[in-house]
Amino acid sequence: MAVLQSEDGPIWRKRTTQADFCVWFCWLLGVAAVSACFYFISDKTIWVFVLSAPQEAVDLGSRMVPPDWAYSSQLWRPLWDTFNIATLGTMLAIVASVPVAFCAARNTTPSKVFVRPLALFIIASSRSINSLIWALLLVVIVGPGVFAGVLAIAFRSIGFCGKLLYEAIEEIDVAPVEAVTATGASSAQTLTYGVVPQVMPAFAGISVFRWDINIRESTILGLVGAGGIGLQLSASINNLDWSRVAVILLAILVSVIVSEWLSAKIRNALT
Amino acid sequence: MTAALSSMANVRRTTWRPQPLIKSPRLRWVLALGAGIYLAIAVGTLDIDWERVAEGWPRAERFFVGFFPPDFTSRWDAIFAGLMESLWMTVAATVLGILISIPVAVGGARNVAPLPVYYFCRSIMALSRTFHEVLIAIFFVKLFGFGPFAGLMTLTFATLGFYAKLLSEDIESIDVAQAEAIRATGASWLQWLSYGIQPQVLPRAIGLAVYRLDINFRESAVIGIVGAGGIGATLNTAFDRYEFDTAAAILLIIIGIVMLAEYTSGIIRQKVQ
Chain A
1 MAVLQSEDGP IWRKRTTQAD FCVWFCWLLG VAAVSACFYF ISDKTIWVFV
51 LSAPQEAVDL GSRMVPPDWA YSSQLWRPLW DTFNIATLGT MLAIVASVPV
101 AFCAARNTTP SKVFVRPLAL FIIASSRSIN SLIWALLLVV IVGPGVFAGV
151 LAIAFRSIGF CGKLLYEAIE EIDVAPVEAV TATGASSAQT LTYGVVPQVM
201 PAFAGISVFR WDINIRESTI LGLVGAGGIG LQLSASINNL DWSRVAVILL
251 AILVSVIVSE WLSAKIRNAL T
Chain B
1 MTAALSSMAN VRRTTWRPQP LIKSPRLRWV LALGAGIYLA IAVGTLDIDW
51 ERVAEGWPRA ERFFVGFFPP DFTSRWDAIF AGLMESLWMT VAATVLGILI
101 SIPVAVGGAR NVAPLPVYYF CRSIMALSRT FHEVLIAIFF VKLFGFGPFA
151 GLMTLTFATL GFYAKLLSED IESIDVAQAE AIRATGASWL QWLSYGIQPQ
201 VLPRAIGLAV YRLDINFRES AVIGIVGAGG IGATLNTAFD RYEFDTAAAI
251 LLIIIGIVML AEYTSGIIRQ KVQ
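Residue numbers (the working numbering), protein chains in the order written: chain A, 1 to 271; chain B, 1 to 273.
Don't read these hints as lab results, they were simulated from the structure.
All residues carry an ideal CB built from backbone N, CA and C; glycine is no exception.
Not one of these hints is a red herring.
In silico DSSO-like links for lysine-lysine, alpha-carbon gap of 27 Å or less: (1) K23/B - K265/A; (2) K44/A - K142/B; (3) K271/B - K14/A.
A few chain B positions that, by computed beta-carbon distances, are all more than 10 Å from chain A: (4) R13; (5) W29; (6) V30; (7) G34; (8) F72; (9) T185; (10) Q200; (11) I206; (12) T264; (13) S265; (14) Q270.
Build out the structure end to end from the sequences listed, making use of the hints.
Structure follows, in structure tokens:
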């Protein structure tokens, strides 16, 4: 709050003139930067294609309706695969992320100098590579199929689960841990009776949350050949079989909504 | 003393066990059994071609030998152009997405909007959130043609669902007293919104914007794979040409930028909240 002195007495203003200029200048810079971004993008865009988008959309819509309902009977297996990719991938990730998280948490790590940075690096690199890119790599290594998808989901989820879990471990209450230590428990016993019970609910919540995200992610892994319903989707798109694409999209929509609802239910029950 | 000891010996000895996470033993057993059966069936239908997986080691080896040393120089122009495109897409899409999502968020907050508007806005959010960015990108590439414009639209659409949902939840959990005080001064609806509600959600809104900027950059690295421009397109080209050393360089750059972005966004979010 600034007060300006004038002949008629003090005038209250929200900011001083200097601060006003400063704010205005920041807005100017921001708007200029964003406009530059839009300019560069429009420079690289072929506007004829963009302008024809409404006709394209109408055309696409008319090809999608009516959906090829008969095709839906062939979708059960891909959906089952998609579900498996997400579930097994999450399970693998949980198993792998627990030791990583315990090594990364400041209060449980065996060595702050050596092990902790390594664990943090594992978490960061797993998180920054998207599961689609993991799938791209893994399809080359283990061959196309569901297995590559499971591994891709697992690799991506290790970082996510590990990060949230180690933050939960760092936030635990010290008193129970001290109490368990005071009984003469070994460090392994302290971990199982002092730390684990405290982070268990958070951990279960994290796993279910990631599972729900993974259902969404596993629907697209098929685009690079890593199994699941994405395989059918990319095949139908390549064949320009839009009535089938519509059915697949509906199937994805339903499964994502169901998994989100289920995960929200379970997380509510946990807390 | 001895009497006390003998009476203690009479007490039935039990072993203490930690409390299980799921209280009801019936539910616990059903869940465990169900999980076991599911695992058996799921692994059974995985169809793993173990011979192919065994071949994986030499392939992985060749892959990683191809990765090293990462080649930053020979395709630097393409990498740089892709990176710049990703950055433009990220910034433009975040700003555009947030501008669109603010009215949707206000409409999706139960304490501000009437019920029909609420349902309409909530369904927009649900629609945007269910489909993965890559799926949306495929369609936008079909509609708008290859290039960063499709990417911009995809990221904007994805930002809309994310930002509007979180912001509307924030608006729903504001302190009502302040908003009522503003209303009691005879403020119009818009004034009520901008003086009663906006100051309360602004710190969180800024934090969310920074967070979404970070996510959008990560996603921009992926949607290029299906033709929506950016560094992902460069990465895909590198893979298609078997230029694994260039691909490694791109991956390293992505990891570096993502880590940097996450670090700075974490600091900014801590500062504003």
